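Participant: Residue 1 is where the sequence shown starts when you use full-length UniProt numbering, and the numbers rise one by one after that.
Hints were generated in silico from the structure; no laboratory data involved. What you are looking at is a predicted structure, and each value in this text was computed from that prediction instead of being measured. Wrong hints could be hidden among the right ones.
What the hints assert, rightly or not - With a straight-line cut-off of 16 Å between C-alpha atoms, the simulated EDC-like cross-links for lysine to aspartate or glutamate are:
#: 1; residue 1: K153; residue 2: D163
#: 2; residue 1: K28; residue 2: E85
#: 3; residue 1: K29; residue 2: E46
#: 4; residue 1: K2; residue 2: D163
#: 5; residue 1: K29; residue 2: E92
#: 6; residue 1: K55; residue 2: E83
#: 7; residue 1: K55; residue 2: E25
#: 8; residue 1: K165; residue 2: E83
#: 9; residue 1: K28; residue 2: E71
#: 10; residue 1: K55; residue 2: E85
#: 11; residue 1: K29; residue 2: E85
#: 12; residue 1: K28; residue 2: D11
#: 13; residue 1: K29; residue 2: E19
#: 14; residue 1: K123; residue 2: E46
#: 15; residue 1: K55; residue 2: E19
#: 16; residue 1: K3; residue 2: E151
#: 17; residue 1: K29; residue 2: D82
As the list claims (entries may be wrong) - Simulated restraints, written as ranges between beta carbons of each label pair:
#: 18; residue 1: L149; residue 2: E46; range: 21 to 27 Å
#: 19; residue 1: C171; residue 2: V126; range: 24 to 30 Å
#: 20; residue 1: P68; residue 2: N175; range: 30 to 36 Å
For every residue, glycine included, the Cβ atom is placed at its ideal position computed from N, Cα and C.
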Amino acid sequence: MKKWHSYKLSDVVRFNPSERLLKGEIAKKVPMDLLQPYTRGISGFEMASYTGGSKFRNGDTLMARITPCLENGKTAYVSMLDEDEVGFGSTEYIVFRNIEGITDNKFVYYFVTSPWFRDIAVKSMVGSSGRQRVQQAMLENLVVNLPPLAEQKQIAGILGALDDKIELNRCINDNLAS
């Protein structure tokens with residue numbers, strides 16, 4: 001195991017990366033209600049005309065930035081798009097994307113869903129009661145310790161296998177209930 005190093009988060013993860021989606025273009029939309037609490041996958045999408053909002057690709061992580069959605073665990077890993085397809089969703093998402101060769105996209109998802117990171121995000125919230133939002137700039141400047149890329153992939157692989165088992169058990173339970 002190699003030594004972990006400290007980085008400013010914005011040096012190892014892209015925040016709300018720029019994507020091209022024209023106004024009026026029909027694309028897959030992921031509204032906030034389709035992010036299930038503490039669930040890796042996205043439960044569905046709707047085809048809609050793009051009028052604005054967060055844009056993302058497969059491999060990105062969506063995190064709700066507004067109360068109570070963040071506290072309720074609304075964070076997801078995007079994997080339901082076609083290759084090179086851009087989707088969109090709520091303006092209340094922060095989109096995280098790995099930087100190739102520095103961070104692993106699945107590790108970024110598990111890092112963002114960690115209780116440590118979520119607690120920092122929640123504590124950074126500002127705004128009026130009931131409409132508080134995460135201060136993205138605070139997260140961008142957060143100093144974090146990260147393992148080397150190979151170790152990130154190993155960690156994400158282990159956690160991903162556990163999530164796969166949880167999803168399989170959920171499907172089995174749904175089948176038994178119906």
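Participant: Would you mind marking each hint as holding or not holding in the structure?
Facilitator: Right, here's what the structure says about each hint:
With a C-alpha separation of about 15 Å, the suggested pair K153 and D163 falls inside the 16 Å cut-off, and the hint holds. Straight-line distance between C-alpha atoms of K28 and E85 comes to about 9 Å, which keeps the hinted pair within the 16 Å bound. Proximity of K29 to E46 is assessed by CA-CA distance (about 5 Å); at most 16 Å being required, the pair is judged to hold. Pair hint K2 plus D163 does not hold up; C-alpha atoms about 26 Å apart against a cutoff of 16 Å.
Restraint check for K29 and E92: the C-alpha separation of about 13 Å stays at or below 16 Å, so the hint holds. Proximity of K55 to E83 is assessed by CA-CA distance (about 15 Å); at most 16 Å being required, the pair is judged to hold. A C-alpha spacing of about 13 Å is found between K55 and E25, which places the hinted pair at or below 16 Å, so the restraint holds. Under the criterion of a C-alpha separation no larger than 16 Å, the hint pairing K165 with E83 is inconsistent with the structure, at around 25 Å.
A hinted pair counts as satisfied when its Cα atoms are at most 16 Å apart, and K28 with E71 does not qualify at roughly 26 Å. Between K55 and E85 the alpha-carbon distance is near 10 Å, which keeps this suggested pair within the 16 Å criterion. Straight-line distance between C-alpha atoms of K29 and E85 comes to about 12 Å, which keeps the hinted pair within the 16 Å bound. Only pairs whose Cα atoms come within 16 Å are accepted, and K28 paired with D11 is rejected, the gap being roughly 29 Å.
Between the alpha carbons of K29 and E19 the distance comes to roughly 14 Å, so the proposed pair stays at or under 16 Å and holds. Of the supplied pair hints, the one linking K123 and E46 is violated, its CA atoms being roughly 32 Å apart against a limit of 16 Å. The suggested pairing of K55 with E19 holds, with an alpha-carbon distance near 6 Å, which does not exceed 16 Å. A distance of roughly 10 Å separates the Cα atoms of K3 and E151; the hinted pair therefore holds under the 16 Å criterion.
Taking the CA atoms of K29 and D82, the gap is about 13 Å. The hint holds against a cut of 16 Å. Between L149 and E46 the beta carbon distance is about 35 Å. The supplied range of 21 to 27 Å is therefore violated. Against the hinted window of 24 to 30 Å, the Cβ-Cβ separation of C171 and V126 comes to about 40 Å, which falls outside the hint. Checked against the hint of 30 to 36 Å, the C-beta distance between P68 and N175 comes to roughly 31 Å, which is consistent with it.
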